[in-house]
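J.: The primary structure of each chain is shown beneath.
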Amino acid sequence: MDISILKNIIQSLPMVLPEAMVAALILLLTIACIIPWKKPAMVGKSLSWIFGIGYILLKINQWNGQWDNGFLGMISLDNYRIAGQLLLGGLYLFSLHLSAVEVQLKNEERMEYWLLKAAILLGGSALVMSDNLLMIYLAVELLSFSAYGLTAFSFNEKGNKAALKYLLFGAIASALTVYGMSILYGLTGTLSLTDGSFWMNLSTAPVSILAFAAFLAVIGLLFKLTAVPLHPWVEDVYQNAPTPIAALFATLPKIAAFFCFMGIMQLLPPLSAEAKQAIIVALGFIALVSMTAGNLLALGQKEVKKMLAYSSVSHAGFLIACIIVPAKSAWDAGLFYAAIYGIMNMAAFGLVQYFETGKKAITYEDFNGMGKKHALWGIGLVIVMISLTGLPPTAGFNAKLMVFLALWEQYETTSTTIYLLLLVFGVLNTVIALFYYIRLPYHFYFQEEGEEDYHFYRRREVVIENRLQWAYRIALFVAILPLIVLFFAPQIIL
Amino acid sequence: MQAINFYSLIFYGFSALVLVSALNILLTKNVLYAAFSLLVSLFGVAALYVLMGADFIGIAQIMIYIGGILVLMIFGVMLTTKLKGEPILTQNRNVLSSLLVGTGLSTFLGLIFSQFEWANRPWIDQTALAEGSIRKLGIATMTDFLLPFELIAIMLLVALVAGTYLAKK
Amino acid sequence: MIPISHILILSAILFAIGLMIILMKKNAIVVLMGVELILNAANLNMVAFSQYDPSLKGQMFSMFVMVIAVSEIAIALAIVFKLYHHLRTVDIDFN
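Chains as they are written, first to last, in the numbering used here: chain B, 1 to 494; chain X, 1 to 169; chain L, 1 to 95.
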């Protein structure tokens, strides 16, 4: 036993201090589960908020720190990853707020609900830091387990069905991932991605085995990103999970997987040029298919949440496009895109949740003629939808533009066809996306409410209490303001 | 020489056991038979672990898989069927395509794995044959693998809470 | 000593059988059995390789995989059990 190992562990403890905070939250909530509180919602909510803010503060404290590899090559930390984790923390807090104003399912009174949410944050945060096959696998599984549980928290038949579908997909994806990782381990003799011998050994491996193993090993991450071969669960899960949970699923795991992927791609250079090329082409192809298929599937949807689900598949395509560009500009573009994507999807789900709670509006038709009564909400809706499409004057435009610019620069320097293809398909997809995003404001303002609809919906309408109205307004303001501000001042993030 | 032959005989015997019982899961329609075939298959895998010098993993396999997962599964089968004396059956779907995928994949993998000289990988240390793994595993858990160990502790807790809460509700 | 490639072929066949079970069976619990078979195939690989690894990373990995398999099954059976309450069946139809 070498004493330096223990020294390394002790030195790397501050790296995981924020994560330890979240772990402490999980433990506290476990204890809180068994105490019969008078106001369980208050306890769960306030504990989550306190520790969530603590997480963010500790993460800010880590900024610009001199972090080396921690825990003997298990994790590593740099400013880019810390930025990603701060983003995750922000999304977590926002989704806490959405959960607190979700009144139909009474989930806020269930301590387990808050616990599983905290577990998602922990899993995401661990995934961003991971530099080891085992850590990546464990973090993905932690994210998945809490996600399976939370999907079933709508406690109806459809929610359970969606949870089972999600779980089977996830279990198969994780099994394939482990199989791929086991072969990678056999090829290299190490699990650590930062270990130089990992990439050295990979570059001498036969192509067929390497391609097979590498493809299987990234399936777990692609599953979390909802890239195309692994997307069929997305529709049911987003539609049937409680809406604040769907908002969390649409953003946090994907962004975590994205940052993990970015970290892996940063380590690629020791590989041979052909292998790198093959990886870029394969991922580029997945990106291409994801953005196109996601868009086309979103076009055919009648329910708004399903539309958002498939649109998130399409956005995953753009995120992967950032991953495969090995240039500084793509890093900035990726960070910006991930941040904007998270903010605008949270805003979109927040809006959907408001209309779902108050007006029972689920399909496009349900939104007919609401523009007269809810003009202010409509403005928010228009801004969010324009931002999701990627048009000015919203930050969604800047995000897409930066991705396109990065792709174009990379094409000019390397003249690899896949970048040009991604660029062309990205622009085309933005045009397609316009149709289904703008449909919602169109129904909202320009469609007349049918006569029979009118009475039907008036009967279903639920009056949202004043307190909640304000909670929603604040949430939307917080989410929509950055979309406008960042359009004019994108340098805030970069 | 005699001992080595005996060793490989046992090894290939258990391998055959694993494969035959795994195939039986595929072929049988009775869910309980499938569960018991899985038991035999997992037991065979545990024996293979022991033969490969991973005694601790072998015992963990028996305790976790056979003692935990299989009992859970059999309970799951029993709780989700109306027991009326008739066998619990499962239907097959897309038989032909999945058989094609399976046989194609296994021949492909068999070919690429058998053609490659694994023993020549630079990292492989023929002299490092592991023996008596428990002590090493214990130290590794507390040093190299400390962080995953802590993470998986939290994960077990989360899985426990999620599982019990969902089943209770 | 058994050559590594023999163990790899064994695990590859196990992997293929697991995949076939997943694709073929309708009962959710049997599908989970297929997942277990794939996990076992991966563990076999890990243990086979870690014979030559003095730091036993493969064996550690397979231990973690086992724990994850247990928790996965626990959550899965809870969900399957609830679904049975609603639908009176545990057959999956992905439509």
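Hints were generated in silico from the structure; no laboratory data involved. All values reported here derive from a predicted model rather than from experimental measurement. Watch out, some of these pointers could steer you wrong.
Claimed, not checked - Listed next, the in silico DSSO-like pairs over lysine-lysine satisfying Cα-Cα at most 27 Å (straight line):
(1) Lys45(B) - Lys169(X)
(2) Lys39(B) - Lys29(X)
(3) Lys168(X) - Lys26(L)
(4) Lys82(X) - Lys106(B)
(5) Lys169(X) - Lys360(B)
(6) Lys158(B) - Lys136(X)
(7) Lys106(B) - Lys168(X)
(8) Lys360(B) - Lys373(B)
(9) Lys38(B) - Lys82(X)
(10) Lys306(B) - Lys372(B)
(11) Lys302(B) - Lys372(B)
(12) Lys136(X) - Lys7(B)
(13) Lys45(B) - Lys7(B)
(14) Lys372(B) - Lys169(X)
(15) Lys372(B) - Lys359(B)
(16) Lys82(X) - Lys45(B)
(17) Lys328(B) - Lys372(B)
(18) Lys169(X) - Lys39(B)
(19) Lys158(B) - Lys26(L)
(20) Lys328(B) - Lys158(B)
(21) Lys372(B) - Lys106(B)
(22) Lys136(X) - Lys45(B)
(23) Lys372(B) - Lys360(B)
(24) Lys26(L) - Lys29(X)
(25) Lys38(B) - Lys169(X)
(26) Lys306(B) - Lys26(L)
(27) Lys26(L) - Lys82(X)
(28) Lys82(X) - Lys136(X)
(29) Lys373(B) - Lys359(B)
(30) Lys169(X) - Lys26(L)
(31) Lys38(B) - Lys106(B)
J.: With reference to the structure, classify each hint as holding or not holding.
T.: Results of checking the hints against the structure:
At roughly 21 Å between alpha-carbon atoms, Lys45(B) and Lys169(X) fall within 27 Å of each other, so this suggested pair holds. With a C-alpha separation of about 50 Å, the suggested pairing of Lys39(B) with Lys29(X) is violated against the 27 Å cut-off. The suggested pairing of Lys168(X) with Lys26(L) holds, with an alpha-carbon distance near 26 Å, which does not exceed 27 Å. With a C-alpha separation of about 33 Å, the suggested pair Lys82(X) and Lys106(B) falls outside the 27 Å cut-off, and the hint is violated.
Distance restraint check for Lys169(X) and Lys360(B): the Cα-Cα separation of roughly 25 Å lies within the 27 Å cut-off, and the hinted pair is therefore satisfied. Under the criterion of a C-alpha separation no larger than 27 Å, the hint pairing Lys158(B) with Lys136(X) is inconsistent with the structure, at around 48 Å. With a CA separation close to 16 Å, the supplied pair Lys106(B) and Lys168(X) stays within the 27 Å bound. Taken as a hint, the Lys360(B) and Lys373(B) pair is honoured in the structure, with Cα atoms around 15 Å apart against an allowance of 27 Å.
Restraint check: the Cα-Cα separation between Lys38(B) and Lys82(X) comes to about 40 Å, which exceeds 27 Å; the hinted pair is violated. Of the pairs offered as hints, the one joining Lys306(B) and Lys372(B) holds, with about 25 Å between alpha carbons and a cut-off of 27 Å not exceeded. Straight-line distance between C-alpha atoms of Lys302(B) and Lys372(B) comes to about 22 Å, which keeps the hinted pair within the 27 Å bound. For the hint pairing Lys136(X) with Lys7(B), the CA-to-CA distance comes to about 19 Å; that is within 27 Å, so the pair holds.
Only pairs whose Cα atoms come within 27 Å are accepted, and Lys45(B) paired with Lys7(B) is rejected, the gap being roughly 38 Å. A threshold of 27 Å between alpha carbons decides the hint, and for Lys372(B) with Lys169(X) the separation of about 42 Å lies outside it, so the pair is violated. Taking the CA atoms of Lys372(B) and Lys359(B), the gap is near 14 Å; set against the 27 Å cutoff, the hint holds. Restraint check for Lys82(X) and Lys45(B): the C-alpha separation of about 41 Å exceeds 27 Å, so the hint is violated.
Distance check on the hinted pair: Lys328(B) and Lys372(B) sit about 47 Å apart at the alpha-carbon level, beyond 27 Å; violated. The hinted pair formed by Lys169(X) and Lys39(B) meets the criterion: a straight-line CA distance of about 19 Å does not exceed 27 Å. Proximity of Lys158(B) to Lys26(L) is assessed by CA-CA distance (about 18 Å); at most 27 Å being required, the pair is judged to hold. Proximity of Lys328(B) to Lys158(B) is assessed by CA-CA distance (about 44 Å); at most 27 Å being required, the pair is judged violated.
Straight-line distance between C-alpha atoms of Lys372(B) and Lys106(B) comes to about 31 Å, which puts the hinted pair past the 27 Å bound. Taken as a hint, the Lys136(X) and Lys45(B) pair is broken in the structure, with Cα atoms around 44 Å apart against an allowance of 27 Å. For the proposed pair Lys372(B) and Lys360(B), the alpha carbon gap of about 17 Å is at most 27 Å, so the pair holds. At most 27 Å may separate the alpha-carbon atoms for a hinted pair to count; Lys26(L) and Lys29(X) meet this at roughly 10 Å.
As the CA atoms of Lys38(B) and Lys169(X) are separated by approximately 20 Å, the hinted pair is consistent with the 27 Å bound. At most 27 Å may separate the alpha-carbon atoms for a hinted pair to count; Lys306(B) and Lys26(L) meet this at roughly 26 Å. This hinted pair checks out: Lys26(L) and Lys82(X) have alpha carbons roughly 17 Å apart, not beyond 27 Å. With a C-alpha separation of about 48 Å, the suggested pair Lys82(X) and Lys136(X) falls outside the 27 Å cut-off, and the hint is violated.
Annotation: proposed proximity of Lys373(B) to Lys359(B) holds, straight-line Cα distance about 12 Å (limit 27 Å). Pair hint Lys169(X) plus Lys26(L) holds up; C-alpha atoms about 26 Å apart against a cutoff of 27 Å. Restraint check for Lys38(B) and Lys106(B): the C-alpha separation of about 15 Å stays at or below 27 Å, so the hint holds.
The structure is inconsistent with the numbered hints 2, 4, 6, 9, 13, 14, 16, 17, 20, 21, 22, 28, although it conforms to all the rest.
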